[in-house]
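Undergrad: Given next are the chains, with one letter for each unit.
2 protein chains.
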Amino acid sequence: MLGERIKVLLDTTRRLSRRGASQALTKILNKTHTADIALLFRFYDSRERRRIFSLFTDLERKAEVVAEMDTSIAVELLSGMTPDQAAAILQELEYDDSTDIVASMPETLAAEILARMESAESEQVEALMGFHEDTAGGLMSTHYFALDKETTAGEAIAALQTDEDFDAFYVYVINEYGHLVGVLSLRQLVRTPPSRQLKEIMIPDVISVTPGAAQDEVARIVERYNFLALPVVDESNKLLGLITVDDVIDVITEEATRDVLKMAGAGEELPEATTTLRENLATRFPWLLMTCIGGLLAAVLIHQYLDKRSFLGFVLSFCPLLLGMARNIGNQSATLVARGLDTGQFHISHIGQILMRELAVGCASGVVYGAAIGGVAAALYHTWGYSLALSSAVVASMIVAVLIGTTAPFAFAKLGGDPTQARTPLTMTAMDIVSVVLFLALAKTLAA
Amino acid sequence: MLGERIKVLLDTTRRLSRRGASQALTKILNKTHTADIALLFRFYDSRERRRIFSLFTDLERKAEVVAEMDTSIAVELLSGMTPDQAAAILQELEYDDSTDIVASMPETLAAEILARMESAESEQVEALMGFHEDTAGGLMSTHYFALDKETTAGEAIAALQTDEDFDAFYVYVINEYGHLVGVLSLRQLVRTPPSRQLKEIMIPDVISVTPGAAQDEVARIVERYNFLALPVVDESNKLLGLITVDDVIDVITEEATRDVLKMAGAGEELPEATTTLRENLATRFPWLLMTCIGGLLAAVLIHQYLDKRSFLGFVLSFCPLLLGMARNIGNQSATLVARGLDTGQFHISHIGQILMRELAVGCASGVVYGAAIGGVAAALYHTWGYSLALSSAVVASMIVAVLIGTTAPFAFAKLGGDPTQARTPLTMTAMDIVSVVLFLALAKTLAA
Numbered sequence: 001m002l003g004e005r006i007k008v009l010l011d012t013t014r015r016l017s018r019r020g021a022s023q024a025l026t027k028i029l030n031k032t033h034t035a036d037i038a039l040l041f042r043f044y045d046s047r048e049r050r051r052i053f054s055l056f057t058d059l060e061r062k063a064e065v066v067a068e069m070d071t072s073i074a075v076e077l078l079s080g081m082t083p084d085q086a087a088a089i090l091q092e093l094e095y096d097d098s099t100d101i102v103a104s105m106p107e108t109l110a111a112e113i114l115a116r117m118e119s120a121e122s123e124q125v126e127a128l129m130g131f132h133e134d135t136a137g138g139l140m141s142t143h144y145f146a147l148d149k150e151t152t153a154g155e156a157i158a159a160l161q162t163d164e165d166f167d168a169f170y171v172y173v174i175n176e177y178g179h180l181v182g183v184l185s186l187r188q189l190v191r192t193p194p195s196r197q198l199k200e201i202m203i204p205d206v207i208s209v210t211p212g213a214a215q216d217e218v219a220r221i222v223e224r225y226n227f228l229a230l231p232v233v234d235e236s237n238k239l240l241g242l243i244t245v246d247d248v249i250d251v252i253t254e255e256a257t258r259d260v261l262k263m264a265g266a267g268e269e270l271p272e273a274t275t276t277l278r279e280n281l282a283t284r285f286p287w288l289l290m291t292c293i294g295g296l297l298a299a300v301l302i303h304q305y306l307d308k309r310s311f312l313g314f315v316l317s318f319c320p321l322l323l324g325m326a327r328n329i330g331n332q333s334a335t336l337v338a339r340g341l342d343t344g345q346f347h348i349s350h351i352g353q354i355l356m357r358e359l360a361v362g363c364a365s366g367v368v369y370g371a372a373i374g375g376v377a378a379a380l381y382h383t384w385g386y387s388l389a390l391s392s393a394v395v396a397s398m399i400v401a402v403l404i405g406t407t408a409p410f411a412f413a414k415l416g417g418d419p420t421q422a423r424t425p426l427t428m429t430a431m432d433i434v435s436v437v438l439f440l441a442l443a444k445t446l447a448a
Numbered sequence: 001m002l003g004e005r006i007k008v009l010l011d012t013t014r015r016l017s018r019r020g021a022s023q024a025l026t027k028i029l030n031k032t033h034t035a036d037i038a039l040l041f042r043f044y045d046s047r048e049r050r051r052i053f054s055l056f057t058d059l060e061r062k063a064e065v066v067a068e069m070d071t072s073i074a075v076e077l078l079s080g081m082t083p084d085q086a087a088a089i090l091q092e093l094e095y096d097d098s099t100d101i102v103a104s105m106p107e108t109l110a111a112e113i114l115a116r117m118e119s120a121e122s123e124q125v126e127a128l129m130g131f132h133e134d135t136a137g138g139l140m141s142t143h144y145f146a147l148d149k150e151t152t153a154g155e156a157i158a159a160l161q162t163d164e165d166f167d168a169f170y171v172y173v174i175n176e177y178g179h180l181v182g183v184l185s186l187r188q189l190v191r192t193p194p195s196r197q198l199k200e201i202m203i204p205d206v207i208s209v210t211p212g213a214a215q216d217e218v219a220r221i222v223e224r225y226n227f228l229a230l231p232v233v234d235e236s237n238k239l240l241g242l243i244t245v246d247d248v249i250d251v252i253t254e255e256a257t258r259d260v261l262k263m264a265g266a267g268e269e270l271p272e273a274t275t276t277l278r279e280n281l282a283t284r285f286p287w288l289l290m291t292c293i294g295g296l297l298a299a300v301l302i303h304q305y306l307d308k309r310s311f312l313g314f315v316l317s318f319c320p321l322l323l324g325m326a327r328n329i330g331n332q333s334a335t336l337v338a339r340g341l342d343t344g345q346f347h348i349s350h351i352g353q354i355l356m357r358e359l360a361v362g363c364a365s366g367v368v369y370g371a372a373i374g375g376v377a378a379a380l381y382h383t384w385g386y387s388l389a390l391s392s393a394v395v396a397s398m399i400v401a402v403l404i405g406t407t408a409p410f411a412f413a414k415l416g417g418d419p420t421q422a423r424t425p426l427t428m429t430a431m432d433i434v435s436v437v438l439f440l441a442l443a444k445t446l447a448a
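Protein chains in written order, with the working numbering: chain G, 1 to 448; chain B, 1 to 448.
Bound conformation, chain G alone (with noise of 0.2 Å):
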């Protein structure tokens, strides 16, 4: 439902961009969710995006729109700005936003952006950066609404009613060192007599997290407690930042998608269209020596068991190796491909350009797993031309493997199944069978 609205956005601002309709693209832009848009800027090309950001004349709006947008194409739509409109879009967004993209830029790009924003706000930026991304201090925000105990309720009022940039549920409750006292919210504020404290109002025992928190953490605690922020702290209890429940959901659900690739050692986040094949190859090969290994392991303990020489002995010594491999790399190339069309990170019309990139991380890595099992199977048992085989059979199986394990979840997405129900023992059974098919095959070929 939501997919089909996003799709015909995707369709109509496309069609306008080609036409140079500015004018109708306006239109459309002006009335569609920023969120929304973030999601298009997933789907547009390099050019697309320059184009239409480039409609957009509200400074405010451009950054909301930046805010949204996954960082790196944050980063590629500010890189390809002159510095000083990059910085003066990155001014108007929240910190802990701002910190994300400049902290994901190349360095001198970051310098030259920091040089040209105010110096009051590169410094929070800065100071932000300081945090890993991954921690409370790098999900904090540094804007918060927090008043002395001292004050009372209607000033308390009058003084959110005169703050522009207030959007918080939340008040929060300092003594005269900054130190966090109390919390108490907005609904409260409303109910109480004006000529009331806050001290007196306040919930005192306020629950907050040190900037050094793991973000799992973080997310566990708002979770548990149902709040919809969480104050984050120095040691000396000084509130430094907030951390909204926007953010926890995001966490939440990037630690699910962390989760579900690692259970295929397939890294721990989904690769996007800037990720190289290298990078893609880093993250795949540790889940994939650990196999290699493993399966050289078994292949020598089973060979103890049998004929040294023979032909099936040889094959079956070696078949949870080659089972493992294939099925292995297949089953990351699925689970990636089904977490990405479930979080809505991929779409079905990007499989010619993710096979492309998973066809392109099997066969590098067939070729060299291949060519490593092929040459210790030949090293310890002097069989070449089985070896041969064993190792055509690596490569063979592995790409094939890939093969099958992207394009059955795209398969499912299409005819409107759930893209994770790809990944069952009959898809794996048609890696195995693949799998040991060519291997016998290729053995009795080149052993002949």
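Note that these hints are calculated values from the structure, not bench results. Please read these numbers as outputs of a predicted model, since none were measured by experiment. Please note: incorrect hints may appear among the correct ones.
Copies of one chain are not kept apart here, so a pair can be met inside one copy or by any two copies together.
Straight-line C-alpha distance at most 27 Å; calculated BS3-like pairs for lysine-lysine [to be verified]:
(1) Lys-262 - Lys-238
(2) Lys-262 - Lys-414
(3) Lys-31 - Lys-199
(4) Lys-199 - Lys-238
(5) Lys-199 - Lys-149
(6) Lys-199 - Lys-27
(7) Lys-62 - Lys-262
(8) Lys-31 - Lys-238
(9) Lys-7 - Lys-149
(10) Lys-199 - Lys-414
(11) Lys-62 - Lys-149
(12) Lys-414 - Lys-27
Once you have looked at the hints, place chain B on chain G.
TA: Only chain B this time, still in chain G's reference frame:
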């Protein structure tokens, strides 16, 4: 950190409960956050739960604790009371919470309790019970703050100051037919001159869902637009209820668990202490059946390439099946345990109980599939000794795989690591080696 605090609380409350030190225990409980108490109840046994729950004298507090508990625990606890007591507590809950609990009770008990609730309350619960729990209707609370569009800002603030229950951050605006026509945040309301009407200041373009919307769609919308609550309306746009962001966070975690478990064919939710062996077997059956069918198919196909009655040919052709069965059931165990530890639903101290449960599943599945696979192999190839060996190898390797799969994540968690990391290819390879070596050894002995 959080875990440490809970552990201390758990030990202290257990000790005091065993000593019958009710007064000291009550004092601690009164100082403990409801969410933490609900968490403690996950670790208490049934007797401790009853005893400790009885210490809460305040009905409202009882209701708060019940609302935060896992549904199955709440059902257990309320089932042990008289229907009058249970009804009194349930009446204090939000309708969405009481509905979840009543819907999970045996029908006769649910009817008895509903009959004892005030009719206005029980009607609401019965109405909500009509919605599937995985839909917007099942998630929504019928508790919201809506005012007519002609209301002035001043009247609105007065209304929410007198509404005892008001606990939201958005004010919904409806017309004379109860149709949702706008929304405004509490912050906007506070910042508006008192004489202006809501229709002048509201945001008229409200994103809402119908009660039939799937919960993952709800989550996607709240996530994309950073809402704190999402209204639910019927087809005519009449406001029915509200889904709050804390419920959405639970949905996102639930969906993540579902995704992770589905990847391993281990059902959709983590088993609870009350889940029966039969239910656990049913959950894991389809995935294992697919593995079995796929493996048999592979065996028949591979067999084509090999000597019909050769020992190694037989072993090789059933190799993918044997490895697949062991890997898959081991993987199911490892996935369940790792996810449970990861979300905090399981604790290291649960190892004995969970290992027993998993071993029961492993033994039962092993015997069923071992017998079936051995039978099919014997029927196809008339190799009785080999088939018996295969059968025994399937049973033994499935049990060993469950043992490895269950203990590995606990071991990782115990060593301070990430339990998810226990599911590496090395664990899988360990299962492979055990399977093949068992098969070969058994075949040599039994077929000799």
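Undergrad: For the identical chains here, do Lys-31 and Lys-199 meet the 27 Å Cα criterion within one copy, between copies, both, or neither?
TA: between (44 Å within a copy, 20 Å between copies)
Undergrad: Could you place Lys-199 and Lys-149 in one of the four classes (within, between, both, neither) given a Cα distance threshold of 27 Å?
TA: within (5 Å within a copy, 36 Å between copies)
Undergrad: Give the relationship of Lys-62 and Lys-262 under a CA distance limit of 27 Å: within one copy only, between copies only, both, or neither.
TA: Close neither inside one copy (35 Å) nor across copies (40 Å); limit 27 Å.
Undergrad: Evaluate Lys-199 and Lys-414 at a C-alpha cut-off of 27 Å and name the case that applies: within, between, both or neither.
TA: neither (58 Å within a copy, 43 Å between copies)
Undergrad: Please sort Lys-62 with Lys-149 into within, between, both or neither, judging by C-alpha distance up to 27 Å.
TA: This pair counts as neither: shortest intra-copy Cα distance 37 Å, inter-copy 32 Å.
Undergrad: If the cutoff is 27 Å on CA atoms, where do Lys-262 and Lys-414 land: within, between, both or neither? Let me know, please.
TA: both (26 Å within a copy, 19 Å between copies)
Undergrad: If the cutoff is 27 Å on CA atoms, where do Lys-7 and Lys-149 land: within, between, both or neither? Let me know, please.
TA: Close neither inside one copy (51 Å) nor across copies (34 Å); limit 27 Å.
Undergrad: Checking Lys-414 and Lys-27: alpha-carbon separation at most 27 Å within a copy, between copies, both or neither?
TA: neither (32 Å within a copy, 58 Å between copies)
Undergrad: How would you label the pair Lys-199, Lys-27 (within, between, both, or neither) given a Cα cut-off of 27 Å?
TA: between (49 Å within a copy, 25 Å between copies)
Undergrad: What label fits Lys-262 with Lys-238 when the C-alpha limit is 27 Å: within, between, both, or neither?
TA: neither (37 Å within a copy, 44 Å between copies)
Undergrad: Regarding Lys-199 and Lys-238, is the shortest C-alpha distance of 27 Å or less found within a copy, between copies, in both, or in neither?
TA: within (17 Å within a copy, 41 Å between copies)
Undergrad: How would you label the pair Lys-31, Lys-238 (within, between, both, or neither) given a Cα cut-off of 27 Å?
TA: Cα proximity of Lys-31 and Lys-238: across copies only (24 Å, versus 42 Å in one copy).
In summary, the numbered hints that this structure violates are 1, 7, 9, 10, 11 and 12.
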